[in-house]
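K.L.:
Residue numbers (full-length UniProt numbering), protein chains in the order written: chain A, 1 to 415; chain D, 1 to 250.
Take these hints with a grain of salt, some might be off.
What the hints assert, rightly or not - Just so you have them, the derived chain A footprint on chain D, three or more residues with Cβ under 8 Å:
1) 42-56
2) 128-134
3) 227-239
To be verified - Restraint-style ranges between C-beta atoms, simulated for each label pair:
4) N310/A - A144/D: 30 to 38 Å
5) A61/D - M19/A: 40 to 48 Å
6) E311/A - S95/D: 25 to 33 Å
7) V346/A - A61/D: 28 to 36 Å
Derived by calculation from the structure, the hints in this document are not laboratory data. Just so you know, these numbers come straight off a predicted model, no measurement behind them. Even for Gly, the Cβ is constructed at its ideal location relative to N, Cα and C.
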Amino acid sequence: MILRLAIGSLFARALTVGMTVLAIALSVALFLGVEKLRTGARASFADTISGTDLIVGARSGSVQLLLYSVFRIGNATNNVSWESFQDIASRPEVDWAVPISLGDSHREFRVMGTTPEFFRRYEYRGGRSLEFAEGRGLDDLYDAVIGADVAAALGYEVGDPIVVSHGLASFTDHDDQPFRIAGITARTGTPVDRTVIVSLEAIEAIHVDWRGGGKTGAATPVEAIRAMELTPTAITAALVGVKSRLRIFTLQRWINDYPEEPLLAILPGVALQELWAIVGVAETALVGVSAMVVLTALLGMTAMIFSTLNERRREMAIWRAMGARPATILGLLVLEAMLMAAAGAVLGAALLYAGLAAGRPLVDAAFGIWLPIEPPNARELWTLAAVIGAAALASLLPALRAYRLSLADGMMVRT
Amino acid sequence: MSRPEPAPALAPAPRAEPRPALALRDVAFAWPGAGRGRGGFGLRCPDFSLAQGESVLLLGASGSGKSTLLSLICGIVAADAGVVAVAGTDLRGLSAGARDRFRAERIGVIFQQFNLLPYASVSDNILLPLRFAPERRARAGEGAAEVRRLCAALGLPADAPETPAGRLSVGQQQRVAVARALIGRPGLIVADEPTSALDAAAQDAFLGLLFGQAEDAGSSLLMVSHDPRLGERFDRVVRIEDIAAAERNP
Ligand SMILES: Nc1ncnc2c1ncn2[C@@H]1O[C@H](COP(=O)(O)OP(=O)(O)OP(=O)(O)O)[C@@H](O)[C@H]1O
Ligand SMILES: [Mg+2]
């Protein structure tokens with residue numbers, strides 16, 4: 001009955017209570033959203049690559065190398081010459097080495113040249129291999145394999161033609177050499193989903209008529225190109241697997257000391273850690289700010305309770321006259337605060353899920369983070385419980401004041 | 001478990017004894033917090049009592065301490081000295097919590113106006129004191145049926161119990177307050193100017209209902225007013241100056 005009356009009292013003040021609940025809900029949604037994004041980003045980053053022991057690229061920062069080679073974020077400042085790659089690939093420690101060549105694009109998606117071995121060697125989420133949802137791998141020079149997101153976003157199917165653009169975000173198309181979609185990979189939740197994969201030779205082929213960033217004269221006929229030797233002169237990076245994990249560091253040192261060219265070999269796991277060390281600061285700041293927003297909303301609620309205390313003295317006197325103890329009045333106010341916070345928490349969680357459902361494709365498109373929509377985990381439930389608990393604590397201040405007022409007022413409050 | 005039979009419990013044990021429904025002896029009280037603008041009002045009441053089933057009208061000017069006296073009798077504040085006994089129990093001997101419980105069990109309270117929680121239904125308002133008084137709840141028997149009986153007896157519309165109290169007219173609200181004071185037949189009904197918000201005709205009808213129901217329940221009635229015209233219905237009319245001395249300490 002007390003619960004029913006408390007709810008009735010809240011509904012009777014629907015407007016102010018509604019605003020307070022909304023403020024709490026928005027702050028809770030923000031907090032949970034930031035948490036979701038944070039853990040989602042972490043998981044999706046960590047799951048992006050496995051089974052690769054070393055990533056090799058031109059010398060730069062290890063985080064930078066990781067970002068452009070695996071996440072297709074940013075660009076390589078330098079290439080790795082084909083000779084260097086050959087040297088590395090023929091090292092006795094090396095089990096396999098897959099070259100990748102980046103730099104062209106198709107619409108908003110990046111194009112990656114590689115060898116067919118990529119499909120066998122690339123692993124994600126603890127050892128899962130790429131699979132084809134439709135079609136098959138690279139066979140012909142002008143075959144392309146597209147990721148699930150590319151297919152979904154552009155409505156492509158196997159057999160469709162696809163034209164690669166020169167560079168990133170450019171208006172120059174390699175339209176004289178169209179590709180044909182040979183396969184679509186199954187969704188992985190990794191940047192592969194957002195990549196157009198062609199063979200390394202194809203990357204060479206479409207640049208035959210290009211010299212130093214510009215197109216030269218008339219287009220060479222496709223037949224002539226097919227007859228050419230299309231060995232690349234340089235690649236962007238290489239994924240390397242070693243025969244024995246014990247040899248990783250030997251190989252890494254060898255590559256980093258490679259005399260012909262400044263190279264960098266990184267362990268993906270270590271680089272990921274470094275990345276998180278950088279992102280971690282921002283991450284903590286973000287969590288801190290959103291926690292402050294929740295506190296602000298709760299403070300607003302406390303102020304609201306304080307401001308209504310005076311006009312509710314009459315009501316408190318009625319409760320007292322009916323036999324309620326001052327402690328009951330205190331409990332009543334705390335209960336109301338907890339109900340508001342609970343309503344805010346539930347509404348906030350609902351807002352979060354609605355926001356997730358609506359914003360998920362956007363986040364995925366913008367950051368390549370596929371946020372999972374799943375029932376709230378223990379941590380989130382604890383967060384919600386903590387919000388309700390904090391509301392109870394915050395409401396103690398006005399509740400204690402009501403307690404003292406109801407003791408001092410006696411039974412007959414003049415109105 | 002079957003519901004406890006209300007009938008045997010109804011036999012009101014306290015009424016069998018001739019002790020007074022209310023007795024004040026050598027009571028002294030002063031509001032705390034003097035100097036905070038309220039000016040430390042105090043009250044002394046050497047002797048005042050109310051017999052079982054008796055109805056008394058307490059007259060006094062505004063600010064003479066009528067409401068203060070009622071707060072004392074209801075045990076919302078505790079006397080500094082003396083005996084405030086309701087149905088033979090000295091309230092000063094009870095802890096604050098026990099006094100609250102005692103009030104819920106034994107005393108029905110009616111205010112001048114704004115008696116009800118406007119957001120709660122009439123039924124919830126009437127049942128509210130029972131929430132804090134298990135014995136009175138048992139005496140009331142089946143709550144919903146008792147609410148309906150009281151509403152009908154007090155001339156409230158049949159759909160009144162479900163209506164939010166705030167929607168009723170002032171006169172109807174006062175009658176709901178009577179129903180709330182009477183449910184579970186408490187031995188003492190205390191009313192602080194319950195008719196002052198009503199016009200003369202409504203006052204008369206209201207008092208008729210109040211007396212009828214209090215008599216039915218066998219409750220004593222102590223009503224406070226500044227209007228001597230109401231006196232004729234009561235067994236006794238008392239002026240506050242005659243029973244209590246006000247003290248104002250600057
Ligand atoms: N809660 C309180 N705290 C301190 N002083 C109070 C309190 N309630 C009443 N008083 C003081 O006690 C005095 C008597 O007030 P009280 O309400 O008992 O008079 P009353 O006879 O009921 O007057 P009215 O007819 O206007 O209701 C006043 O001077 C008032 O200031
Ligand atoms: Mg008064």
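K.L.:
Now, for every hint given, state plainly whether the structure supports it.
P.N.:
Each hint tested on the structure:
Closer than 8 Å: that is the beta-carbon criterion, and the stretch 42-56 of chain D has 0 residues meeting it against chain A, so the requirement of 3 is violated. Counting residues of the stretch 128-134 of chain D whose CB lies closer than 8 Å to any CB of chain A gives 5, which reaches the minimum of 3, so the coverage claim holds. Counting residues of the stretch 227-239 of chain D whose beta carbon lies closer than 8 Å to any beta carbon of chain A gives 0, which falls below the threshold of three, so the coverage claim is violated. At roughly 35 Å, the beta-carbon separation of N310/A and A144/D lies within the given 30 to 38 Å, and the hint holds.
Taking 40 to 48 Å as the suggested C-beta distance range, the pair A61/D and M19/A conforms, at roughly 45 Å. At about 31 Å, the beta-carbon gap between E311/A and S95/D stays in the expected band of 25 to 33 Å. Taking 28 to 36 Å as the suggested C-beta distance range, the pair V346/A and A61/D does not conform, at roughly 54 Å.
Hint violations for this structure: numbers 1, 3, 7, all remaining hints satisfied.
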